[in-house]
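Okay, here's what each chain looks like letter by letter:
Number of protein chains: 2
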Amino acid sequence: MDTLDVELGTRRYPIHIGAGLLQRPDLLDAVRTRPLRLITDQHVAAHYLAGVQGSLSLDSQHVLVLPPGETSKTLASVEQIMDWLLASRLPRDGLLIALGGGVIGDLVGFCAAIYQRGIDFVQLPTTLLAQVDSSVGGKTGVNHPRGKNMIGAFHQPRLVLADTATLVTLPVRERLAGIAEIIKYGMLGDAGFFAWLEQKLEALLALDDAALRYAVRRSCEMKAAIVAQDERESLAGGAGPRALLNLGHTFAHAIETFTHYNEWLHGEAVAVGLCMAADLSARLGWLSTPDAQRCRQLIERSGLPVQVPAGMRADDFRALMSLDKKVASGKLRLILMRRLGEAVVSGDFDPAALDATLRHYTA
Amino acid sequence: MDTLDVELGTRRYPIHIGAGLLQRPDLLDAVRTRPLRLITDQHVAAHYLAGVQGSLSLDSQHVLVLPPGETSKTLASVEQIMDWLLASRLPRDGLLIALGGGVIGDLVGFCAAIYQRGIDFVQLPTTLLAQVDSSVGGKTGVNHPRGKNMIGAFHQPRLVLADTATLVTLPVRERLAGIAEIIKYGMLGDAGFFAWLEQKLEALLALDDAALRYAVRRSCEMKAAIVAQDERESLAGGAGPRALLNLGHTFAHAIETFTHYNEWLHGEAVAVGLCMAADLSARLGWLSTPDAQRCRQLIERSGLPVQVPAGMRADDFRALMSLDKKVASGKLRLILMRRLGEAVVSGDFDPAALDATLRHYTA
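Top to bottom, those sequences are chains W and X. If you're matching positions, the first sequence starts at 1 in the UniProt record's numbering and goes up one per residue. If you're matching positions, the second sequence starts at 1 in the UniProt record's numbering and goes up one per residue.
In isolation and in its complexed conformation, chain W is listed as follows:
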């Protein structure tokens, strides 16, 4: 088992990474004595609920199982969870456990943020995407028909247990969605890690234990370091270190909104968004053309999509990107690459280059 800490002062918390951690009830000793409620979804429950419930001696009335998928990530689900928590009288010193992927983590984390003005929660991420990205850093929230994650809060977990053995039961598409975020970390902050990924891609795709643990650990380390610098994405008016984690995401959110959150997985949209960010960075003369090609090639080799959804036009991107949270006073800012392994936030790019990227990808 590897352990790393997210250094956030009084909100500091550990992330444990390794195969079989959900079978290690001792790792939950610190929270076991508190009033607990666990929320998961039907898919995850089928594989892992019984084990976790048993090791925590959780009464079944203290477990809520939601339908799987992004459609649960709404204010309506928040209301349902608030009703359930209040009906079961969870006190303010109680603790919520999120067992599942990014949807469960974001939704349950947000409920923990607003239940009685904030209670503690623990993340047990069971998807690769959640293990390397969404369960670390305290971004919680739900979607709105007008945009993804438009309602939410920053609320840090007390503990994250990333059991890499759960990835065996994960559908291949979802595994790949996690690979996209791992590639993102290489592109935005560590050219050496990117080169390692080019070498080890097949091992990673085959769920080789050592490769998987290193990839998850290195991704979490990079995210934790960035989050520790800029917990609420508030530095430099939202254009500080934390914004770098959104490499590819402005394009990706437009794709997800265009497809109503129900066709593309987040990581699949990110994969295309990463290609578009690399393409735009190369058109600006920042990233070398060969390195932009390496980015696209690694994503394509993984089996991830590298083209936008059928029928999506440049104007669709322009309209949907204008609602992005990174728009400041009407000006669109994007995360771009100065070079491989170095991302920057920029509102100061040639709009003709963005037009060229949008036209190229929607041709």
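Just so you know, the hints here were simulated from the structure itself, not pulled from any lab data. As the structure is a computational prediction, the values presented were derived from the model and not from experiment. There's no promise every hint is true.
Note: identical chains are not told apart, hence a pair may lie in one copy or across any two.
Quick list of in silico lysine to aspartate or glutamate cross-link-like pairs, DMTMM-like style, CA-CA up to 20 angstroms [to be verified]:
1. K331 to D93
2. K200 to D350
3. K331 to D355
4. K331 to E300
5. K331 to D316
Take the given structure of chain W and dock chain X to it, following the hints.
Then chain X, alone, in the frame of chain W:
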């Protein structure tokens, strides 16, 4: 005009207090250049909206007027406001203005806390209760059928303008509700201020300008000092300094829940709660019996209620108080008085004394 600061590091903000501040557009200069949205209610809009809207040059489509009263303080209103903010594309560097009493302040503050994971807001409190209490300290939230303020967040305003001239148009019952919280500050933290209130009660009830400004200022100062020590009511497991502000409130919340939030004003329920807290403190031998009588007498002289709602029984209090946010691991904690001007949080009191207070008040 008096100004005091709530000392919260990077979240430090000023409170300006005085008559006619809503006619001072210069006080809003710091926020005027940002994308703004204003939310108020129909009662307040009739008196003050035109002036504020004019001085901020606010387009009418950037103003939302809600029905007045506690029934607006729900998740349904939050959803309505999120829809409106997103439809009008308020960016993340935008700012919400809450013009109204405690309901508007709590609701709008909560929406600011969760819109795009948190944006800035400004409080323009127009009731005495909001000026001395709810607009200071960052507690925001909405009610749930199972309890008051059960859903919410800590989110500090950027600025508070308390225009004491708005109290002239406030119904007498609402003015008195604010007086109850002012008396609370004397009881919990400053016996000298309590004695001043005994002297100046008539001037205060007649809205004498100097008396009013001093009472609002002294209340805000005491609250600001406590909030600066314990911003999130997290010290000592929720039993730290900030909990002292809840003197009388556990009884009061039970009364409000029993009457479904629509018969009693919050301050009226607090008035009875303060009498009950003083009564229990005297039964425990902590507060002297004469001082407990002074508390009840001052409340009664103000014209505030000193008796629980008709038909409310001791068992109703017990059931409703058990859901209080101050319950820790099944143990009820109350804010009680060691002596006049000194409140303490205690879970360590003789339950027979609480029973005696409940029986006495429900007899």
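Evaluated hints:
1. K331 to D93: between (43 angstroms within a copy, 11 angstroms between copies)
2. K200 to D350: neither (36 angstroms within a copy, 67 angstroms between copies)
3. K331 to D355: within (15 angstroms within a copy, 62 angstroms between copies)
4. K331 to E300: This pair counts as neither: shortest intra-copy Cα distance 32 angstroms, inter-copy 58 angstroms.
5. K331 to D316: within (17 angstroms within a copy, 56 angstroms between copies)
Figure legend: structure checked against the earlier numbered hints; hints not met, in rising order: 2 and 4.
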